[in-house]
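> As a plain string of letters, each chain reads:
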Amino acid sequence: MQSKLIFLPLAGIAIAGGPAYANVYLSVEQAQAVLFPGATFQPDTRTLTDEQAKAIERASGVSVRSKQLKAWKVSTGGWFIVDEVVGKHEYIPFAFGLDDKGAVKGIEILEYREAYGGQIRDPEWRKQFVGKELGTKLQLDKNIRNVSGATLSCKHVTDGVQRLLATYEIALKQSSR
Amino acid sequence: MKSHSNNPAVERAQPWLGTLVSIRVAGLDAPNTHHAIDAAFEEIALVHRLMSFHDGTSDVSRLNCSSVRRPVEVHPYTMEVVRRALAFSAASNGCFDVSVGAELVDWQFLPAPSGDAHASGGSWRDIEILPENRIAFHRPLWIDLGGIAKGFAVDRATERLRILGASQTVLNAGGDIRVQGQIAEPVRLAVESASETMPVLELTDGSVASSSGHRQRHWHNGHLYGPHVDGIRRMPAPTDRFVCVVAKDCVVADALTKIVMAKGIESVNLLQQFDASAYLHDPATGWQHLEGAVRAG
Chain A
-18 MQSKLIFLPL
-8 AGIAIAGGPA
2 YANVYLSVEQ
12 AQAVLFPGAT
22 FQPDTRTLTD
32 EQAKAIERAS
42 GVSVRSKQLK
52 AWKVSTGGWF
62 IVDEVVGKHE
72 YIPFAFGLDD
82 KGAVKGIEIL
92 EYREAYGGQI
102 RDPEWRKQFV
112 GKELGTKLQL
122 DKNIRNVSGA
132 TLSCKHVTDG
142 VQRLLATYEI
152 ALKQSSR
Chain B
2 MKSHSNNPAV
12 ERAQPWLGTL
22 VSIRVAGLDA
32 PNTHHAIDAA
42 FEEIALVHRL
52 MSFHDGTSDV
62 SRLNCSSVRR
72 PVEVHPYTME
82 VVRRALAFSA
92 ASNGCFDVSV
102 GAELVDWQFL
112 PAPSGDAHAS
122 GGSWRDIEIL
132 PENRIAFHRP
142 LWIDLGGIAK
152 GFAVDRATER
162 LRILGASQTV
172 LNAGGDIRVQ
182 GQIAEPVRLA
192 VESASETMPV
202 LELTDGSVAS
212 SSGHRQRHWH
222 NGHLYGPHVD
232 GIRRMPAPTD
242 RFVCVVAKDC
252 VVADALTKIV
262 MAKGIESVNL
272 LQQFDASAYL
282 HDPATGWQHL
292 EGAVRAG
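So the sequence lines, in the order shown, correspond to chains A and B. When we follow the working numbering, the leftmost residue of the first sequence carries the number -18, and every step to the right adds one. When we follow the working numbering, the leftmost residue of the second sequence carries the number 2, and every step to the right adds one.
Next comes chain A alone, as it looks inside the complex (with noise of 0.2 Å):
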């Protein structure tokens, strides 16, 4: 066990400005293979009608931000979505895999990219660092993707998912044959 604590420049971040934590997990496809190995997928879009989103919304208790359902049905049974939740500040996309019963199979986190906390967003907080002469010049999102102390809440994940099975009951169950 080592450990060493350095303190970088963080003006280099704070003038580049963009999300300074952005770590991709996978791409669609590699959810799909991880969720469903070996299965083959059929693409099925769909828009909700306006009465499907509000009993959506009853049911689940979360409010239906987009009536644009992307979904999918997978060769050995069942539905793969993907949808987004906003987070913090940004939005963070996540597969769904349903079994054929309706069960969740698996949630992945596609994304993830939150601020460096509130300050760096604040243009004034980011003034005082423009023109002075940046440190090391660091690639942030590639070096750094572990942060210790922040608050990562899931809970807009946990609701993304309630809405999404309210949106199987409501949507989708009836075509899964």
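If you're looking for bench data, these hints aren't it; they were derived computationally from the structure. One thing to keep in mind: the hints can contain errors.
Listed next, the in silico DSSO-like pairs over lysine-lysine satisfying Cα-Cα at most 30 Å (straight line) [what the hints assert, rightly or not]:
no. : chain 1 : residue 1 : chain 2 : residue 2
1   : A       : K69       : A       : K136
2   : B       : K249      : A       : K(-15)
3   : A       : K154      : A       : K54
4   : A       : K(-15)    : A       : K35
5   : B       : K264      : A       : K(-15)
6   : A       : K51       : A       : K82
From the structure, some residues in chain B lie toward chain A, with a derived Cβ separation under 10 Å [as the list claims (entries may be wrong)]:
no. : residue
7   : A14
8   : R25
9   : D39
10  : C66
11  : E74
12  : Y78
13  : M80
14  : A210
15  : S213
16  : D241
17  : C245
18  : A248
For every residue, glycine included, the Cβ atom is placed at its ideal position computed from N, Cα and C.
Assemble the complex: chain A is given as a structure, and chain B must be docked to it using the hints.
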């Protein structure tokens, strides 16, 4: 063990334990990598189901509801976590105490468990370990394993990865991180300060856990409360402090952050006892390195 250096690292993330859990494996071919990651997530999911404070069917909920009337049988994992928790309580003279669930409910960090009367006035000393994985409470308690279960889950999952041939892994459960293998992994420490530098911990073959009361603190009945409780004073630990503990096992790092949070530099001896070290940030004093184990470089 199949190992190919040209296999790219695979990282996957799932929502468990109320946070985001990510697992990265390098050096194995793709099928073995995904098999190992699946198995590691199963360990995490099991700990989640057993030790959730919110889920009425978890071991923790069953203990909180009925352990004071009759002993409750729990899963060996739950038993191991409670054993470890009691050892940290004994070592810290009660500063670390899983029975602070009662305070966390009072301060609105946790929902009140359903059922029996309100737990209050008890402590870790009222928890008795019995044979055959049974636990009894000697007075009504609400235990919360949130301060130790994540670290335990990370250790169990890392062990599963190792058994399945993955020897270069990074497991991160909402900031409780274990790095396996000899490559230094950079971990950003999310300190709330207006500094122009970003603290990054380089960690090799060990664990780190951090605690900060800043983001979750809130006012309640005219007082500022944070999510960390000093089990001796039954009062919130300082909410402007940031603590990061480095240890071999993640369960040790996880539990010790709560003690360092409450006791500050007085926890040096305890860190030494557990072969750990800590980085402590206070707005007034800046960074301090509390070095128990001198193995940290």
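> So, for every hint listed, does it hold in this structure?
Comparing the hints with the structure gives:
1. A:K69 x A:K136: With a Cα-Cα distance of about 10 Å, the restraint between K69 of chain A and K136 of chain A holds, given a limit of 30 Å.
2. B:K249 x A:K(-15): The given pair, whose Cα atoms are some 14 Å apart, holds under the 30 Å limit.
3. A:K154 x A:K54: holds (11 Å)
4. A:K(-15) x A:K35: violated (53 Å)
5. B:K264 x A:K(-15): holds (23 Å)
6. A:K51 x A:K82: Given that 30 Å is the threshold and the Cα spacing comes to 19 Å, the pair holds.
7. A14: holds (4 Å)
8. R25: Status holds, d = 7 Å.
9. D39: This interface hint holds because 8 Å falls under the 10 Å limit.
10. C66: Hint violated; C66 of chain B Cβ to chain A Cβ min 23 Å, cut 10 Å.
11. E74: violated (27 Å)
12. Y78: violated (21 Å)
13. M80: violated (27 Å)
14. A210: holds (7 Å)
15. S213: holds (5 Å)
16. D241: This hint is violated: D241 of chain B lies away from chain A, its Cβ roughly 13 Å from the closest one there, beyond 10 Å.
17. C245: With a closest approach of 6 Å, the C245 of chain B hint holds.
18. A248: Where the cut-off is 10 Å and the nearest Cβ of chain A is about 7 Å from A248 of chain B, the hint holds.
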